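Asks: Going by the working numbering, the letters in the sequence shown line up with residues 229 to 602, in that order.
Worth flagging that the hints you see were computed from the coordinates, not collected in a lab.
The model shown is predicted, which means the values in this text are computed figures rather than measured ones.
Be a bit skeptical, because a hint or two may be false.
With a straight-line Cα cutoff of 27 Å, these simulated DSS-like cross-link-like pairs (lysine-lysine) come out [as the list claims (entries may be wrong)]: (1) Lys507 to Lys361; (2) Lys515 to Lys361; (3) Lys516 to Lys352; (4) Lys508 to Lys547; (5) Lys424 to Lys357; (6) Lys264 to Lys274; (7) Lys547 to Lys533; (8) Lys264 to Lys232; (9) Lys515 to Lys357; (10) Lys557 to Lys530; (11) Lys560 to Lys533; (12) Lys530 to Lys560; (13) Lys361 to Lys303; (14) Lys516 to Lys357; (15) Lys352 to Lys512; (16) Lys591 to Lys533; (17) Lys361 to Lys516; (18) Lys530 to Lys550; (19) Lys507 to Lys353; (20) Lys515 to Lys500; (21) Lys352 to Lys507; (22) Lys353 to Lys591; (23) Lys264 to Lys357.
Computed Cβ-Cβ distance ranges for the label pairs, DEER-style [said to hold, decoys possible]: (24) Pro327 to Lys303: 46 to 56 Å; (25) Pro327 to Thr397: 44 to 54 Å; (26) Pro327 to Ala423: 14 to 24 Å; (27) Pro272 to Asn240: 13 to 23 Å; (28) Asn418 to Lys303: 26 to 36 Å; (29) Asp420 to Thr448: 39 to 49 Å; (30) Asp420 to Pro244: 23 to 33 Å; (31) Thr576 to Thr397: 22 to 32 Å; (32) Asp420 to Glu504: 25 to 35 Å; (33) Asp494 to Glu518: 26 to 36 Å; (34) Lys557 to Asp494: 46 to 56 Å; (35) Lys557 to Ser295: 18 to 28 Å; (36) Pro481 to Pro256: 21 to 31 Å; (37) Gly359 to Arg253: 25 to 35 Å.
Glycine included, C-beta positions come from ideal geometry on N, C-alpha and C.
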Amino acid sequence: MGGKALKNVPTNRLSPSDFQTLQSRLLPIISTHFRKSAIPPYLPTKQSFGDLDILVAGPKSPTAHASIISHFQSKESVSNGGVTSFEVDGFQVDLISVPEAEYEVALGYLSWGDLGAMIGMVAKKVGLKYGSKGLSLAITSHDINESPSSSFVPQSAETPQSPSQPTPTTLTQIHLSLSHNDILTHLGFNPDIHAKGFATQQDLFTYLTSSTYFLPQSFTPTPSETNAEFRRRLQQRPTWAELATFIENTNPPPGAGVAPELLSDDPEIRRKWRGEFRKKSVEKFGKKAEWDAVVERERLRKVVKSRVGGDVVRRITGKDGKDLGVIMKRIKQELASLGPNEMEAWRTLERMTDEHVTSLILKCAGQIPPQDPS
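The task is simple: from the sequences and hints, build the whole structure.
Replies: Quick look at the structure:
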């Protein structure tokens, strides 16, 4: 992916005809080692190729990758995460391995060059994340209602930093969907057009701007950038620079689903709109129960911190350093005995009176006999 993974052997670019010939050599062999394999489609107007991406899933043996590399007598191979790059006749081939459950959405994401990443930018602007693993969203500390009874109040993943709102901590990711068609539809694209493919780069850009949630400013210089700075930022991403030129020349309007709030200069207004969109997304894909479980766990975690956190224990016992560490370890063991699981134990702690909590802390500090917390 990018054609620069191999450092110890020279590699070349291939013409379209030589590229097709290499595909014909590789695919039959690779398909004997993986249950699923495909070359993500690319624009027919592409004039040369620096590498060949092949998506694979479901290896038929633990040595599938090694067997392929050996078959083609590769002079160099490199593995980085789920990508194995290897040399074939002076050309870089990338085997991109994904779980079988993610194969369909990964193929959709990797199709048509940078289009998947560009659609990912559309998703980001509405508070979601789209990638080779599907559609997801991050639940952050800003998503958690501070009140004792947590309610469903999702905020944007792009919450601005301010003295009253510190940098959010990501608690977990919720996967919304692995269906590529459902994802495209949710992001305001026509999946049938994507499936038919594109003949030219202009077709691809036109498709991107057709999204209900397309925001032109997402792909043009930010207010703090000059055009020259923007070009330099994209010099390693020529297709994105060409997209920016396309937008400047055609001046496409924002998508029909872009509410005035999303165009506001006030970041709080934009954040609130994204929060509502995220809420609808979670509900649409049937993930509200998963969201609520994360919210409840985080709420209870804050209860534990407020009742038996390090600062509280230090204030009550006057202990610090190693002594405090020993007490905290004992408190953790004591909490484990309050319920059949962690969450129930935390709920028991929440119901305890302040006097009983203080008693528990002092017990763990060895300063008074244990007392019944009920």
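Asks: So, for every hint listed, does it hold in this structure?
Replies: Here is how each hint holds up against the structure:
no.: 1; hint: Lys507 to Lys361; in the structure: holds (20 Å)
no.: 2; hint: Lys515 to Lys361; in the structure: holds (17 Å)
no.: 3; hint: Lys516 to Lys352; in the structure: holds (20 Å)
no.: 4; hint: Lys508 to Lys547; in the structure: violated (48 Å)
no.: 5; hint: Lys424 to Lys357; in the structure: holds (24 Å)
no.: 6; hint: Lys264 to Lys274; in the structure: holds (26 Å)
no.: 7; hint: Lys547 to Lys533; in the structure: holds (17 Å)
no.: 8; hint: Lys264 to Lys232; in the structure: holds (25 Å)
no.: 9; hint: Lys515 to Lys357; in the structure: holds (15 Å)
no.: 10; hint: Lys557 to Lys530; in the structure: holds (18 Å)
no.: 11; hint: Lys560 to Lys533; in the structure: holds (12 Å)
no.: 12; hint: Lys530 to Lys560; in the structure: holds (15 Å)
no.: 13; hint: Lys361 to Lys303; in the structure: violated (31 Å)
no.: 14; hint: Lys516 to Lys357; in the structure: holds (17 Å)
no.: 15; hint: Lys352 to Lys512; in the structure: holds (18 Å)
no.: 16; hint: Lys591 to Lys533; in the structure: holds (18 Å)
no.: 17; hint: Lys361 to Lys516; in the structure: holds (20 Å)
no.: 18; hint: Lys530 to Lys550; in the structure: holds (24 Å)
no.: 19; hint: Lys507 to Lys353; in the structure: holds (15 Å)
no.: 20; hint: Lys515 to Lys500; in the structure: holds (20 Å)
no.: 21; hint: Lys352 to Lys507; in the structure: holds (15 Å)
no.: 22; hint: Lys353 to Lys591; in the structure: violated (51 Å)
no.: 23; hint: Lys264 to Lys357; in the structure: holds (25 Å)
no.: 24; hint: Pro327 to Lys303: 46 to 56 Å; in the structure: violated (30 Å)
no.: 25; hint: Pro327 to Thr397: 44 to 54 Å; in the structure: violated (27 Å)
no.: 26; hint: Pro327 to Ala423: 14 to 24 Å; in the structure: holds (22 Å)
no.: 27; hint: Pro272 to Asn240: 13 to 23 Å; in the structure: holds (21 Å)
no.: 28; hint: Asn418 to Lys303: 26 to 36 Å; in the structure: violated (44 Å)
no.: 29; hint: Asp420 to Thr448: 39 to 49 Å; in the structure: violated (28 Å)
no.: 30; hint: Asp420 to Pro244: 23 to 33 Å; in the structure: holds (27 Å)
no.: 31; hint: Thr576 to Thr397: 22 to 32 Å; in the structure: holds (26 Å)
no.: 32; hint: Asp420 to Glu504: 25 to 35 Å; in the structure: holds (28 Å)
no.: 33; hint: Asp494 to Glu518: 26 to 36 Å; in the structure: holds (31 Å)
no.: 34; hint: Lys557 to Asp494: 46 to 56 Å; in the structure: holds (47 Å)
no.: 35; hint: Lys557 to Ser295: 18 to 28 Å; in the structure: violated (50 Å)
no.: 36; hint: Pro481 to Pro256: 21 to 31 Å; in the structure: violated (47 Å)
no.: 37; hint: Gly359 to Arg253: 25 to 35 Å; in the structure: holds (30 Å)
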